[in-house]
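Participant: With the hints as a guide, dock the two chains, each given alone in a separate frame, to form the complex.
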Amino acid sequence: MRVRIRWSKQGKIRFCGHRDAARIWERAVRRAELPMAYSQGFTPRPRISFGLALATGQESVAEYLDVDLRATPEELYDWAACMPERLSAVLPDGMAVTDACPLRPGAASLQEAVTSCAWEFALAESDVTSAADWTERVRSADSLPLQRERKGRITTSDVRTAVGDLHILDASAGSVLVAELGTKPRAVRPAEFLRLIAPPLAAGRVRRLHQWIMRDGARYEPLAPEAGVLAPAGDSLAAASIDAVPAAQQEVCA
Amino acid sequence: MRSLWSALEPLLDQVQRPARYIGGEEGARPAAHAPEKVAWLLCYPDSYEVGLPNQGLQILYEILNERPDAVAERAYAPWGDLEVLMRQEDLPLFSVDNHLGAGEFDVLAFNLSSELVYTNVLNLIDLAGVAVRAADRSGDDLLVGAGGHCAFNPEPLADFVDFFVLGDGEEVVGEITEVIAARRSEGRHAVLEALAGVEGVYVPAAYEVTYSGLSAGVTRRWPGVPETVEKRTISSLGDWPYPKRQLVPLTEVVHDRLNVEVFRGCTRGCRFCQAGMITRPVRERPAEQVRTMISEGLRRTGYDEVALTSLSTADFSGIDELVADTVGPADDDAGGAGCPAVTVSLPSLRVDAFTVGLAAELQRARRTGLTFAPEAGSWRLRQVINKLISTDDLDAAVEGAFSQGWRRVKLYFLVGLPTETDEDVLGIATLARRCVELGRRHVRGASVTVSVGGFVPKPQTPFQWFGQNTVAELQRKVALLADDLRGDRGVRLKWHDPEATLVEGLASRGDRRLGVVIEDVWRSGGTFQEWSEHFDYGLWLAAMERQGLSVEDYAYRHRRDTETLPWDHLSAGLHKDFLWQDWQDALAESGLEDCRWTPCYDCGACTGYGIEHVVASAVPPAGGSQGTGQNLLQPEPVPVQLLDRRPLAGVS
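The listed protein sequences derive, respectively, from chains P and S.
One rule links them: number in the numbering used here = place in the first sequence (from 1) + 624.
One rule links them: number in the numbering used here = place in the second sequence (from 1) + 618.
Next comes chain S alone, as it looks inside the complex (with noise of 0.2 Å):
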């Protein structure tokens, strides 16, 4: 074990923000390597920055550290400026811990958070020292391997990577080094055979795809492998109270603060969202240890603010007491050191869940912003997208923010949506107003900030099968919005730009026939896609072109419900006729109600894996009509099963 450090050390001088290299955090504690240990190294396909808070990367970093048979170092993406020394000075991907060059791994796998980051991908495998493409990867090189919510359609990624996981990794990663340890001496082909074997991955190679027009056809290659790929599910978060010791990075980055993850898998059935649909069924973490979680963590890093992160905070059991609890005492010496109290942010909130007294707790602290994402103008399009909340539980929520002291709230709004009318993309601007007039009852100054994102369908919804609108469209929505708004002070309008929104939508239900796009629009330099400065829109239409490829087939027309996709091969759990039903459901403008507090529908995630929801209450959070459209000021039990208490997992 070879380190780059002395290499590396003289180009550090000569880079932007340098300590983003040097590794060092806080809680950063690598086990030491050895020959018989299978060695991963985690990697974060974008900048430090973005990178290092990935609270996925950091749960397998710990979770492989501490297993005797593994050891797990991090790598990030070098910035520009620092690419360009390290092939100067043919210095390869190194880790941040004991900065080793890649080579000296025997797994790199990546976090796939966003499709954008793809070109990433391929540009870091190719740092590391080895071949782009998997079916040129042979012996001892590298095992490419990668995870995270886009693995749920990785077929544009599926000849440069040579096992998906899917799903939740915790129990996953400690059964892949096992196979990757007892197969090895077999050579590289017998490894991957046996990872194709292991519940929850995908190996591409073992899976051939053929086209027929517009659709494909799936034939496994390998014997033995599934025909269907399942997603795994671990069934209780109490099990897992990870990250132990969050890391703590010496130079800022996002989310700089403790995050303690308070439940994973959200029920309210949003139709647009794929995080909702993947990570189901919802399991929260027992209240204890997320209180220790907390008090443990803020002593452990000296942070003074901590994020309760979820798909929807506000709908943790008994939210309000674990806010007031972790703010801390009433008193302003809390502590006796006169500390002041935590701040605690909620990143996620839904705005039938948030209450005055819920906002009354959070502003004991400093304020942190407040974001709220009614997601469509009218009541009617929420109804087809499936977010069930009123005009009156927007109101109330923003009316609590502003009467606790907040000046200034920010909305999130989707265009693009099927069905939508300008009426409804209006109609954004007139709850924007709305919100202001509220406000202003409270705050002098009450202003607004309205954030606007295209809608890109994702695999795996019930709006896998829907055209997305065309840049022009969305540019012409985004304009009409923008004039509507025109000299209205109390509301800023922001917007994400819609030629990004599309290369997003090619990836996201791109076929394996996007790959060679990418390797493309990777080659022709197009890294760092997720950043405005560096997004090169022409690149990738570009590349389309060149391969021959039809923008209007990949992202712009409506799918059939006879159509092969390329990701039926692959499972997180729901059936597809609920999938179908439910787009069906959604052009009929008929919602459908959470299942946590309502009986089941049978999407197939609970049943099809013998899983349930795990919550501490069957009661759902006070105020607001909590995706039912009916008023539960006064909530009444609902029947869902909660599962037996096991004993917790320790915290240390």
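The shape of chain P in the complex, shown without the other chains (with noise of 0.2 Å):
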């Protein structure tokens, strides 16, 4: 069974890699003894799926991934419930869990899901008035043909569609731009986007926001429920008592 996490990284902790957060995980679902599902063959892992990668340097308030446990449906909220506080006590400084939920059987994969992320680009003091003109003219191109090398082949697409709501925010910590990017069928990264129009903006630290999952005009978080989650306790599958909960999750919980 299935359970879907939000977790943040912010701070120091941005520094890590993607395949840094990953091994983070592994380490952290073992201290935090959940009933993991191990995959088959030589080398067992923790079933542990990873959405979008996040790049070095990068903060996020908005990360997924999905673990797979050996759990009952019934215990699988129990554990879900558990999980923000007892994974965020293991994780490293910055680390940290913001919900759990579990999955329906079959839902869409992260990968498979989310089709825009939403970006926060701090903006130097001085840059601010260049920064609403740059904006601006990202805003009204009819066009914006972005230049990209894989595996040797640079290819030019036009990424006009994938760019959707732009707009500069004076946040606590000075001013920030924040855009929202699409990921079908190819991601536009941060750094594209900042090269989109030249000269390339400037802009220091970036944090990812959110992650949607756009179907049928509407928006949604990948812990809602017409992404999959299943409806929160309460309902006949939470039935469960607090009696089925493992002993270990019970001096946590408690």
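These are calculated hints, taken from the structure and not from any lab test.
Errors might be hidden in some of the hints.
[To be verified] Straight-line distance between alpha carbons at most 30 Å, and here's what the computed DSSO-like set of lysine-lysine pairs gives: (1) S/K1112 to S/K1028; (2) S/K655 to S/K862; (3) S/K1028 to P/K636; (4) P/K775 to P/K808; (5) S/K1112 to P/K636.
[What the hints assert, rightly or not] On the chain S side, residues computed to face chain P include the following (Cβ under 10 Å): (6) A637; (7) Y639; (8) G920; (9) R1104; (10) R1107.
[Unchecked claim] Away from chain P, derived, C-beta distances all over 10 Å, residues of chain S: (11) Q673; (12) A749; (13) E793; (14) V843.
In this text the structure is predicted, and so the values were computed from the model without any measurement.
We treat Cβ as the ideally placed atom computed from N, Cα and C, and that holds for glycine.
Facilitator: Following this line, the structure appears as structure tokens:
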């Protein structure tokens, strides 16, 4: 049975890459003593499915991953409820689990389901005026050709439709540009976005704010019921009493 | 105390693998700084990936931070890309714990595990913001210390380092802390003078070295310093259950697993092995403490692999039971949560102590690589180097591995050993082919990787008088071997660069005059010399020539018994006449048995310090010849002293 987790990665730990984070997660699920399902074969690994990779140096408050547990559907709610506290306690500083929900069997994977991400780009005080101008030029462009290299081949594609809502906000730590960038058929990366129009926009820290699933004109987060997350506790599936929770878990949840 | 993080952070967006500079490892818990405390910056003079797992550094880090009068943080050599930026921005060497500049510390202490890091040591002292030469440092400048295996001949670094520590660091770091705290108000010289009086501490400035021709004479410059500095040895590993909180890095490093030291010291008596000579006697960790450290360590870190470390782990008393218990119950539902079995790796394996039973236990979890080290290709040469493993021993070990499902084993050899002939070298190929043949009886596609290193004679060993093979000779021997193995599909040959072997040899037995060469190479940009992509042989040859020193004198010539060796005033406990006799026995192709299971032959390591082996069993582990050259398949007890078990220090 599968649980979907939302987690954040902020501060110094942003310098850990995707592979580093995967290793940290493997150790964390062991330390949290979750009833993980393991892959078969020569080197069994806890079954964790990571969503879209986050580049080294970027922060995020909207990372997701799915873990497979060896638990009955009834137990799953209790495990999920326990996870934010239990996993955050064993994750390094800067990484924390902010929510976790059981997933319906057969729900689409994160890689398949997510259609866009909202990003925040920190702007230097001196750049705010030119950033506003740059943003306006992107907004009003009819086409946004992007040159990319893959396996030694350079291709150019118009990513106009992948660039969604753009606006500049005054946040507590200074001005930021918020941009929604599509992930299908191929994700527009933050670094690619910044060079869509020359001269490239200078931006400091980059943070992922949301991942969205667009379906039938509506937008859902990957932890919404529409994304395949099972209805919250309180219905018949969650009727299992606290007695069903394994002893080790009760300590933490108590 | 000012954190340099805000200045460092923008640089990290521009460098490779920035995670190695952020600290934050699980288990990293430096104590709070305070003016009255002695602040240590423990530095591994190579990259974070290589340095973080170093157990010696982690042990001292914990011990110092537990003391009320000390605080310790860690530093590693920044990679070249970051170093350029740091120098541009005028940022000093920094700790990864609190990102404090080196200047905020009292002591900059290096772990020296290889000679090829010496130029990095100079570079790091320079990055720390103090003069590279000890004589040019004054007042409150950092005290620069160093320990580790290379400290048994520290003379090439004598001009750059204020004090060296010989032997086990667990006790002496506390004594050094106390001396610094008590004497620092009296000035730098007073501190160093007091340090020179601490057992196991060598202050090079306290000794004058004069040279006449090839020989050196050492006289004491300061009153009251010992004529010979003796190493420190902790008498029981059970008193020191460290690291209690092994650091778990946030990014990939070498040996990324739980490491538990099961014993220290080795008395197998391999004559080429400096580690085995300088770390005597054998001190086993009590088995129940090992078990606690494993179970607590795995639970705390989340690792699924543990390495049982020592110089020869298969010799640990009760190794079979220990491995079986660690891997877990035979049921693959171990722990009830479907966790797979714990992987156990034994990084250094004697073939004569590796049994089918042990192989069977290991393979229940993930099979890690198996490396055996016959070291030499013929029984004759193995008697010379005192690696008394027979062809039968090797056959049994290799067959044990292949019969338990391993498809490849790695064999480690040295070339350039004393008395070696081409026949001995070609014996390596014969042996490798024989292993492949044995393997194919059990698995299709069985293969053997042969890894060949050039032999570097080391100080404080019976081979310290031996003239190292020339680069050309090593290259010839490797070519001979490669030629012989050409077309052998089951054998893969790898070798260490003979030029790097020479440079290691220069520094290994160098004297104080070599210091200028190291400084010259460093000033010419030669850092990270352990890394093949950075190693620059030309820099070393040019520096030797500029400084008027001869490679022949330092590396290639045989030393005489009348010669004063540069490290003669430093002692690992071994009597020089014992080492000389062992050298003569080597030339006579005569082996020497392991004194753990046979009566004492008074090498000096136990008797000189009033200590003894601490072993849980007087019986050699099952099977093989156990270094005696005899068949010990039905081992009999042999006379060794079993020390009384004292109460164990706890693991928390």
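Participant: Could you check that no beta carbon of chain P comes within 10 Å of the beta carbon of S/Q673?
Facilitator: holds, 19 Å
Participant: Any CB of chain P closer than 10 Å to the CB of S/R1104?
Facilitator: violated, 32 Å
Participant: Hint check: is the beta carbon of S/Y639 less than 10 Å from a beta carbon of chain P?
Facilitator: holds, 7 Å
Participant: Go through the hint on S/G920 and say holds or violated, using the shortest Cβ distance to chain P against 10 Å.
Facilitator: With a closest approach of 3 Å, the S/G920 hint holds.
Participant: Does the interface hint hold: is S/R1107 within less than 10 Å of chain P, judged Cβ to Cβ?
Facilitator: violated, 23 Å
Participant: Regarding the pair S/K1112 and S/K1028, is the alpha-carbon distance no greater than 30 Å?
Facilitator: holds, 10 Å
Participant: Decide if the proposed pair is consistent with the structure: S/K1028 and P/K636, CA atoms, cutoff 30 Å inclusive.
Facilitator: violated, 40 Å
Participant: Taking only the CA atoms, is the gap from S/K1112 to P/K636 under or equal to 30 Å?
Facilitator: Given that 30 Å is the threshold and the Cα spacing comes to 40 Å, the pair is violated.
Participant: Closer than 10 Å between Cβ atoms is the bar; does S/A637 clear it against chain P? Give me holds or violated.
Facilitator: It holds, given that the least Cβ distance between S/A637 and chain P is near 4 Å, below 10 Å.
Participant: Does P/K808 sit within 30 Å of P/K775, going by the straight-line distance between their CA atoms?
Facilitator: holds, 19 Å
Participant: Going by Cβ atoms, does S/A749 stay more than 10 Å from chain P at every point?
Facilitator: holds, 32 Å
Participant: Determine whether the non-interface label on S/E793 survives the test: each CB of chain P must be over 10 Å from its CB.
Facilitator: For S/E793, whose nearest Cβ neighbour in chain P is about 34 Å away, the distance exceeds 10 Å, so it holds.
Consistency with the previously given hints fails for numbers 3, 5, 9 and 10, ordered from lowest to highest.
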